[in-house]
Amino acid sequence: MSDADPAHETGIEPAADLLDATPETAYFWGRVAGDGEMTTDGVTTRAGDETAAAALAAVAGTSRVGTDHRVESRESAHDASIVRFEDEYELQVIGAPAERASAAFGLPIDGQPGGYRFDAFREHRPQLLRGLLESCGTVCFRESSASVGVSFVHEDRALLETVRSQLSAATPHVPTDDIAETSSGGYWFGLADAADVAGFAEWVYAGSDASGLHSADRRAKLRRSVERATGADVGTLDDVGTLDDVGTQEGE
Numbered sequence: 001m002s003d004a005d006p007a008h009e010t011g012i013e014p015a016a017d018l019l020d021a022t023p024e025t026a027y028f029w030g031r032v033a034g035d036g037e038m039t040t041d042g043v044t045t046r047a048g049d050e051t052a053a054a055a056l057a058a059v060a061g062t063s064r065v066g067t068d069h070r071v072e073s074r075e076s077a078h079d080a081s082i083v084r085f086e087d088e089y090e091l092q093v094i095g096a097p098a099e100r101a102s103a104a105f106g107l108p109i110d111g112q113p114g115g116y117r118f119d120a121f122r123e124h125r126p127q128l129l130r131g132l133l134e135s136c137g138t139v140c141f142r143e144s145s146a147s148v149g150v151s152f153v154h155e156d157r158a159l160l161e162t163v164r165s166q167l168s169a170a171t172p173h174v175p176t177d178d179i180a181e182t183s184s185g186g187y188w189f190g191l192a193d194a195a196d197v198a199g200f201a202e203w204v205y206a207g208s209d210a211s212g213l214h215s216a217d218r219r220a221k222l223r224r225s226v227e228r229a230t231g232a233d234v235g236t237l238d239d240v241g242t243l244d245d246v247g248t249q250e251g252e
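Residue 113 in this note's numbering is what sits at position 113 of the sequence shown, and the numbering runs on without skipping anything.
Fair warning: there could be bad hints in the mix.
To be verified - Cβ-Cβ distance ranges computed for the label pairs, FRET-style: (1) S144 <-> D41: 44 to 52 angstroms; (2) R157 <-> A16: 31 to 39 angstroms; (3) T40 <-> A146: 44 to 52 angstroms; (4) G235 <-> A96: 41 to 49 angstroms; (5) Q112 <-> P172: 18 to 26 angstroms; (6) G185 <-> T230: 19 to 27 angstroms; (7) G111 <-> S165: 21 to 29 angstroms; (8) P172 <-> A103: 26 to 34 angstroms; (9) S184 <-> E13: 37 to 45 angstroms; (10) P175 <-> A96: 18 to 26 angstroms; (11) R122 <-> E13: 16 to 24 angstroms.
Since the hints were made in silico from the structure, they are not lab data.
Don't be surprised by glycine CBs; every beta carbon is placed ideally from N, CA and C.
All chains, please: the whole structure from these sequences, using the hints.
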């Protein structure tokens, strides 16, 4: 592929079936649950940087869009396209995956409430939570306490309850605060003060360099915030967690 072509190979194979439980589909459906919609016509999700957009597009079986906003597609198991807007990418997967995903994972469809059943991804919990963190999570450095705040925000309380459950079941265990209402009518919760945020950052992004399943911007913000809070040299967290996402299981 020439340098003139902005699309690039991610090394991620398109999912043969988006409902199979793999690291790639765990990340994909985490992103959809946190910042996406499903209708009987298809699935839509968004990404804020090229790394995540390329990963999502590869899993869905379509090439990343070029800077001129033209969609570049290839033959795949799914009818998918990705479009670049000024400040985000939007991925659409047309057809049956939406209804099947709603039935399998309890994701809301056509505005109906969701039940959020993610047990199928228990062996790929880091990738699932990575997708959720990048799609509906926030990270900030607290100057007053030299600590890192990690929160999840969403309009659907049921989703946040599921995220808390997934964090509680994670290895290492990640304690959280209670869910509260936001001023805009949504809901949010944060990791508890007792949470090992540095350990969480290492765990949730372990193997992400090798797999390509991550948002470069969101990962860098979390890592730099943790390094600042712990007094570590910049780039320290870039050298840890080298296990490949593909085929790894929780606790390895």
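The hints, checked one at a time:
1. Taken as a hint, the range 44 to 52 angstroms holds for the pair S144 and D41, whose Cβ atoms sit roughly 48 angstroms apart.
2. The hinted window of 31 to 39 angstroms between R157 and A16 holds, with their beta carbons roughly 34 angstroms apart.
3. The beta-carbon spacing between T40 and A146, approximately 49 angstroms, falls within the hinted interval of 44 to 52 angstroms.
4. The supplied range of 41 to 49 angstroms is met by G235 and A96, whose beta-carbon atoms lie about 44 angstroms from each other.
5. Taken as a hint, the range 18 to 26 angstroms is violated for the pair Q112 and P172, whose Cβ atoms sit roughly 35 angstroms apart.
6. Taking 19 to 27 angstroms as the suggested C-beta distance range, the pair G185 and T230 does not conform, at roughly 36 angstroms.
7. About 24 angstroms separates the C-beta atoms of G111 and S165, a value consistent with the hinted range of 21 to 29 angstroms.
8. Between P172 and A103 the beta carbon distance is about 32 angstroms. The supplied range of 26 to 34 angstroms therefore holds.
9. The supplied range of 37 to 45 angstroms is met by S184 and E13, whose beta-carbon atoms lie about 39 angstroms from each other.
10. Between P175 and A96 the CB atoms are about 39 angstroms apart, so this pair departs from the stated range of 18 to 26 angstroms.
11. As the Cβ distance of R122 to E13 is approximately 22 angstroms, the hint placing it in 16 to 24 angstroms holds.
Consistency note: the structure conflicts with the earlier hints numbered 5, 6, 10.
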